[in-house]
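Produce the complete structure using the sequences and hints provided.
Just so you know, the sequences run in chain order A, B and C.
When we follow the working numbering, the leftmost residue of the first sequence carries the number 43, and every step to the right adds one.
When we follow the working numbering, the leftmost residue of the second sequence carries the number 43, and every step to the right adds one.
When we follow the working numbering, the leftmost residue of the third sequence carries the number 43, and every step to the right adds one.
Since the hints were made in silico from the structure, they are not lab data.
Mixed in with the good hints there might be a few duds.
Same chains, same label: a pair holds when it works inside one copy or across any pair of copies.
[Said to hold, decoys possible] Straight-line Cα separation of at most 25 Å, SDA-like style, residue types lysine to any residue; simulated pairs: (1) Lys276 / Arg293; (2) Lys158 / Ala305; (3) Lys200 / Asp324; (4) Lys276 / Ala306; (5) Lys134 / His183; (6) Lys134 / Asn160; (7) Lys200 / Ala83; (8) Lys134 / Ala248; (9) Lys134 / Lys276; (10) Lys276 / Asp126; (11) Lys134 / Glu102; (12) Lys276 / Asp257; (13) Lys134 / Tyr291; (14) Lys134 / Phe101; (15) Lys134 / Lys158; (16) Lys200 / Met283; (17) Lys134 / Ala339; (18) Lys134 / Asp324; (19) Lys134 / Ser332; (20) Lys134 / Ala147; (21) Lys276 / Asp52.
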Amino acid sequence: MTRSTATAGDLPHLITLRDLAPAQILGLLDRAADLRQRFAAGPAPTALLDGRTVVNLFFEPSTRTRTSFELAARRLGATVVNFDIASSSTSKGETLEDTLATLEAMGCDAFVVRHKENGTPARLARHARRAAILNAGDGNHAHPTQGLLDALTIRDAKPRVGDLRVVICGDVRHSRVARSDAEVLAALGVRQIRLCGPAPLLPDPADFPGCALHDDFDEAIAGVDVVIMLRLQKERMASAMIADERDYYARYGLDPARLARAAAGAIVLHPGPMNRGIEIADEVADGAQSRILDQVANGVFVRMAALATLLDR
Amino acid sequence: MTRSTATAGDLPHLITLRDLAPAQILGLLDRAADLRQRFAAGPAPTALLDGRTVVNLFFEPSTRTRTSFELAARRLGATVVNFDIASSSTSKGETLEDTLATLEAMGCDAFVVRHKENGTPARLARHARRAAILNAGDGNHAHPTQGLLDALTIRDAKPRVGDLRVVICGDVRHSRVARSDAEVLAALGVRQIRLCGPAPLLPDPADFPGCALHDDFDEAIAGVDVVIMLRLQKERMASAMIADERDYYARYGLDPARLARAAAGAIVLHPGPMNRGIEIADEVADGAQSRILDQVANGVFVRMAALATLLDR
Amino acid sequence: MTRSTATAGDLPHLITLRDLAPAQILGLLDRAADLRQRFAAGPAPTALLDGRTVVNLFFEPSTRTRTSFELAARRLGATVVNFDIASSSTSKGETLEDTLATLEAMGCDAFVVRHKENGTPARLARHARRAAILNAGDGNHAHPTQGLLDALTIRDAKPRVGDLRVVICGDVRHSRVARSDAEVLAALGVRQIRLCGPAPLLPDPADFPGCALHDDFDEAIAGVDVVIMLRLQKERMASAMIADERDYYARYGLDPARLARAAAGAIVLHPGPMNRGIEIADEVADGAQSRILDQVANGVFVRMAALATLLDR
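Rendered as structure tokens:
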């Protein structure tokens, strides 16, 4: 295992990848790859975070991401508390800052936060006394561990990252995944990032500096090495002037014919959960070019790396 | 402790007891009894499943069974994830197969599945790549660990299993417990199994080969060594042409007078939760012949045995 | 660390502080302080409760108290099961006593119980076979660990407890916190306890022997060393003939001007969650005299002491 000399440095919180220097991003990816290798031989729990407590503060439901963080923390020996918002003090009128201060006073060391409003994790980071805040997705702002796990998955399959052409297709405008992916891929120096979707779902170009915008998927996918498909929230279709799911699939679904327009050996990613038959065909989701389950596997290691880095102070 | 030479053999999943050879069933019972002895001296956690992850995938609420599996897994050193269906990807349109694949990719080793539809655990077992599936109850099809814990409880009290006459009383038609009990008791070679309940709640005889059907409980209980009472779902009463709970209790409730018709020293089982005063009298539930709390205690050891056997590959 | 010779003695359950001798209370406070010192150096998990199982049985939502007990138990090495009442057998008509017996049969060692009805934890304690019951708040009856953590916080700041004048202000009539605080402070021999609130929210004096009642907060706070503010349930305001939140704050809110009427160096406590701007001003809640986060921190250690004492049999 060669290891770059990059380190994640002194990172107090993980809110958005825009805050990180490329060397810090590389440091996190390398640490994730290291942890993956250590666990490859089978169960090999480390005690790195023994006695530390990680709180899952999920204001939006997400079993997938919550479970990934929970497994990451527990594999490192941490205690995990799943904070039940519905029955919490927050629902009794306590401010979110007081909830944070209370849990910090109980000895909690890290907070994994998902919230529908942009900026909630950053706001908590400003109020934290000593705990680390990890953004697990806020509004359409950022989802940094998703960006990191996508980057690790891409680097595994295509190590010459500087040569890559990447397309991100779907509801880019409302996607925190697209933002974090574009940030991490720019930091890693990919050759080109194309964003594709129905015009009403394309973002303000200022949010994605250096990226090209397309509303024709056949054109956007031509010659790319990496295809990142996004989940379509069904309630967005109307505003995107899409008639129905069949119409969306015809224009923006990834089927084998369309994938054949990408470069030979192109890989396919999707953050999940997938709408099969809407944004992606079964043959692609389950096909040889899919790296969707690798993303999931890498997600746990990236989150272990992030927790270890933030709590190893 | 004598131990039979029976082993559970190479068991990939535990879906129904019909799939198991008698030697495999005996192997699981012996392993449960072994684990019980090891833990009898007080807390003595084993590290057999250290670093392994068990997921509770409960699509029907059941704190009792879920907690029993959770304690079993944790006593063996495993990490347990309670998957919250309500806030899960499955509720966002993800297929159950994709949920399984995702959790497997995160490194989960076993899935304890409860579902209201017959066949869901078997369907997941066909799609599992390397994880073990344990059926914790599907529809009216099977509840194999309940069958095993009932068998262990009966064998503890009445080791000469070949001599036993057993009655199962209640809504046999809709009961997965009755099916798994009948299967395990047939495999252990009991002398006679009688099924008793209101005629509309008696099963198709083809589902219970070799069992005798009765709608008169006084007749069915005469001379038996084991009485297994089933929980009455109140919503079934109408279809069973039962006027009310008092009527049911008068005809099918187990009270001391009725229990006196069984063989001397007969034991009483109930899978819980009990409807006291509907299917069972307080004096019987709490009496000397009740083995109901032994069932609960044995449930944890049987589930430890099942998890250890399935994951010890 | 000097340690009093007090011990908690042979305590089977913790239901109300009225059951405890002063020496037992001092024993619990000393044990909490000991544990705090051991954990001060950083993560230092003890294995005192290794292999033991603690069940959180919360029939009223309370993430704060539940999490505090959960962390306390896990830091001592215990396994914690959060019993989900909504999907439990209790909701299927099982008696609470049967739920307790079932979980005891599964090997659970302690039950942390919160219930809206007075006396539920005591009732469970009468039915427990070998498990310990810890009251985490029942109706307006008792919240013994809150009383203990308040006592520890007060003793830390003001070791000459016999000299102290204390005021408890708010809806004293409906407060289990007020009752447990008054009991523990009386046992520790404080000089004076004053109770203050709108007349309809003042308690029957027989419930608080030896305490003085006031409906004028400016008068009640004069010269006290400790101010314990209670949370106002908004639905109580009407019955208390309070016009609105501003009216309450004007008469019973703790702001810097009012706090200045207390003795120099007086400390402020609040059990949380706080209604800022209703019963307490931001400047006080976050000010130098506030011990509110110390209460939270001490809560975990008091609960560790209680669990260790009850289970160390």
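Indicate which option fits the pair Lys134, His183 if close means a Cα-Cα distance not exceeding 25 Å: within, between, both or neither. For Lys134 and His183, the Cα distance is within 25 Å only across copies (21 Å; inside one copy 27 Å).
Using 25 Å as the alpha carbon limit, work out where Lys276 and Asp52 are close: within a copy, between copies, both or neither. Result: close neither inside a copy nor across copies, 41 Å intra and 45 Å inter.
Within, between, both or neither: Lys134, Asn160 at alpha-carbon 25 Å: Both, since 23 Å and 22 Å are each at most 25 Å.
Measure nothing new, just compare the shortest in-copy and cross-copy C-alpha distances for Lys276 and Asp257 to 25 Å and report within, between, both or neither. Within one copy, since 18 Å is at most 25 Å while 53 Å is not.
Identical-chain pair category, Lys276 with Asp126, by Cα at 25 Å: between (27 Å within a copy, 22 Å between copies)
Copy assignment of Lys134 with Phe101, given that the CA separation must stay at most 25 Å: Both. Shortest intra-copy (15 Å) and inter-copy (16 Å) distances satisfy the 25 Å Cα cut-off.
Indicate which option fits the pair Lys134, Lys158 if close means a Cα-Cα distance not exceeding 25 Å: within, between, both or neither. Answer is both; intra-copy 19 Å and inter-copy 16 Å each pass.
Using 25 Å as the alpha-carbon threshold, which applies to Lys134 and Ser332: within, between, both, or neither? Classified as between; 21 Å across copies, 45 Å inside a copy.
Go through the copies and call it for Lys276 and Arg293: within, between, both or neither, with a Cα cutoff of 25 Å. within (15 Å within a copy, 52 Å between copies)
Between copies, within a copy, both or neither: which fits Lys200 and Asp324 at Cα up to 25 Å? Within. Shortest intra-copy distance 24 Å satisfies the 25 Å Cα cut-off; inter-copy 54 Å does not.
With 25 Å as the alpha-carbon cut-off, assign the pair Lys158 and Ala305 to within, between, both or neither. Cα proximity of Lys158 and Ala305: none, with 36 Å in one copy and 46 Å across.
Checking Lys200 and Met283: alpha-carbon separation at most 25 Å within a copy, between copies, both or neither? Intra 36 Å, inter 68 Å, cutoff 25 Å: neither.
In this structure, the earlier hints numbered 2, 4, 8, 16, 21 are contradicted, and the remaining ones agree with it.
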